[in-house]
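Student: Start from the sequences and build out the full structure, keeping to the hints where you can.
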Amino acid sequence: MSQQSLRILCFGDSLTAGFHDFGMSFHPYSIAFTAALKAALPHMAITVHHSGKNGDVGAWTAFHERLKQELPPENMYEAFQLNWAVPLNKGSKVLALTVPDAKPILAWVVEDRNQINELIRNHKQRNFYTFDLYSKIPYHSLSEQDRERYWDDGLHLTAQGYDWMGEHIAVGFLAAFAMSQQERAAAAPGPSRRGPALTRDEGPLEEEGGDPRVLSEGYVVVRRKDLD
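Numbering (the working numbering), first residue to last: 123 to 350.
These aren't lab readings, by the way, just hints derived from the structure by calculation. Only a predicted model underlies this, so the values are computations on that prediction, with no experimental measurement involved. Incorrect hints may appear among the rest.
Claimed, not checked - Mimicking DSS-like on lysine-lysine, the simulated pairs with C-alpha atoms at most 30 Å apart in a straight line are:
#1 Lys258 x Lys175
#2 Lys160 x Lys258
#3 Lys246 x Lys258
#4 Lys175 x Lys160
#5 Lys225 x Lys258
#6 Lys246 x Lys175
#7 Lys246 x Lys160
#8 Lys212 x Lys246
#9 Lys160 x Lys212
#10 Lys175 x Lys225
#11 Lys175 x Lys212
Unchecked claim - Distance ranges between label pairs, derived from CB positions:
#12 Glu289 x Tyr199: 26 to 32 Å
#13 Leu228 x His165: 44 to 50 Å
#14 His171 x Glu233: 33 to 39 Å
#15 Glu270 x Ala309: 46 to 52 Å
#16 Glu270 x Arg248: 39 to 45 Å
#17 Ala300 x Asn244: 20 to 26 Å
#18 Leu163 x Lys246: 22 to 28 Å
Note that CB positions come from ideal geometry on N, CA and C, so glycine has one too.
Tutor: Written out as structure tokens, the structure reads:
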């Protein structure tokens, strides 16, 4: 029997790209994410792509001002839904991540982040799942030693930090994947009473002949703008 396939796109900006060392190096979280999935699902053929595009604003103050004026949480949420709709309308599943912590503690930044994270957590839609990355990737509650280990510039992570992120996201993904499998099994029709069930030699099994899009042609791990 051929392996089941699982195709995943990690989609976002600089944190998805693995930006660190002032852009001199990149270490996407998808590296550790992929390794964790392959270890947990050795029976599946897993393919992971990442698409991370760096932002075009280099100064914190300029970015914050633009964000404050042009991108209130409600507008961000509407934009996220448009992004989520692309894979959802194609039959894929989406795992949306909340906005992680960062060094700046401007009151309006924290307020906006909390509001958009709440909107993400509360979003309900078929084939849509969420993972609270904010609770897993802290900054201010870490020791100084751990900040040095995981955080690069207060916004981006170090290579080790991106591995830390990827491992957390893998845990969230596996939970969402298990939930989707349970939902699919619950929705499947029961055995017919009009005749005996097909044996392995009498008909195709779903794993052998099913539409891979129904199982999970792809998951798209998406996150909001990476505040860069």
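Student: Each hint needs a verdict: does it hold in this structure or not?
Tutor: Hint-by-hint comparison with the structure:
For the hint pairing lysine 258 with lysine 175, the CA-to-CA distance comes to about 23 Å; that is within 30 Å, so the pair holds. Between lysine 160 and lysine 258, the direct Cα distance comes to roughly 21 Å. Compliance with the 30 Å bound is thereby established for this hinted pair. Distance restraint check for lysine 246 and lysine 258: the Cα-Cα separation of roughly 22 Å lies within the 30 Å cut-off, and the hinted pair is therefore satisfied. As the CA atoms of lysine 175 and lysine 160 are separated by approximately 25 Å, the hinted pair is consistent with the 30 Å bound.
For the suggested pair lysine 225 and lysine 258, the alpha carbons sit about 15 Å apart, so the restraint of at most 30 Å is met. Proposed proximity of lysine 246 and lysine 175 is supported: the alpha carbons are some 27 Å apart, at most 30 Å. At roughly 28 Å between alpha-carbon atoms, lysine 246 and lysine 160 fall within 30 Å of each other, so this suggested pair holds. With a C-alpha separation of about 18 Å, the suggested pair lysine 212 and lysine 246 falls inside the 30 Å cut-off, and the hint holds.
Distance hint between lysine 160 and lysine 212 is fulfilled; the C-alpha atoms sit about 25 Å from each other, no more than 30 Å. At most 30 Å may separate the alpha-carbon atoms for a hinted pair to count; lysine 175 and lysine 225 meet this at roughly 21 Å. A hinted pair counts as satisfied when its Cα atoms are at most 30 Å apart, and lysine 175 with lysine 212 qualifies at roughly 23 Å. Checking the proposed 26 to 32 Å range against glutamate 289 and tyrosine 199 shows it holds: the Cβ atoms sit about 28 Å from each other.
In this structure, leucine 228 and histidine 165 meet the distance hint of 44 to 50 Å, their C-beta atoms being roughly 47 Å apart. Checking the proposed 33 to 39 Å range against histidine 171 and glutamate 233 shows it holds: the Cβ atoms sit about 34 Å from each other. Taken as a hint, the range 46 to 52 Å holds for the pair glutamate 270 and alanine 309, whose Cβ atoms sit roughly 48 Å apart. For glutamate 270 and arginine 248, the hinted distance range of 39 to 45 Å is satisfied, since their beta carbons lie about 43 Å from each other.
With their beta carbons about 22 Å apart, alanine 300 and asparagine 244 fall inside the hinted range of 20 to 26 Å. Distance hint check: the CB atoms of leucine 163 and lysine 246 are about 26 Å apart, consistent with the given range 22 to 28 Å.
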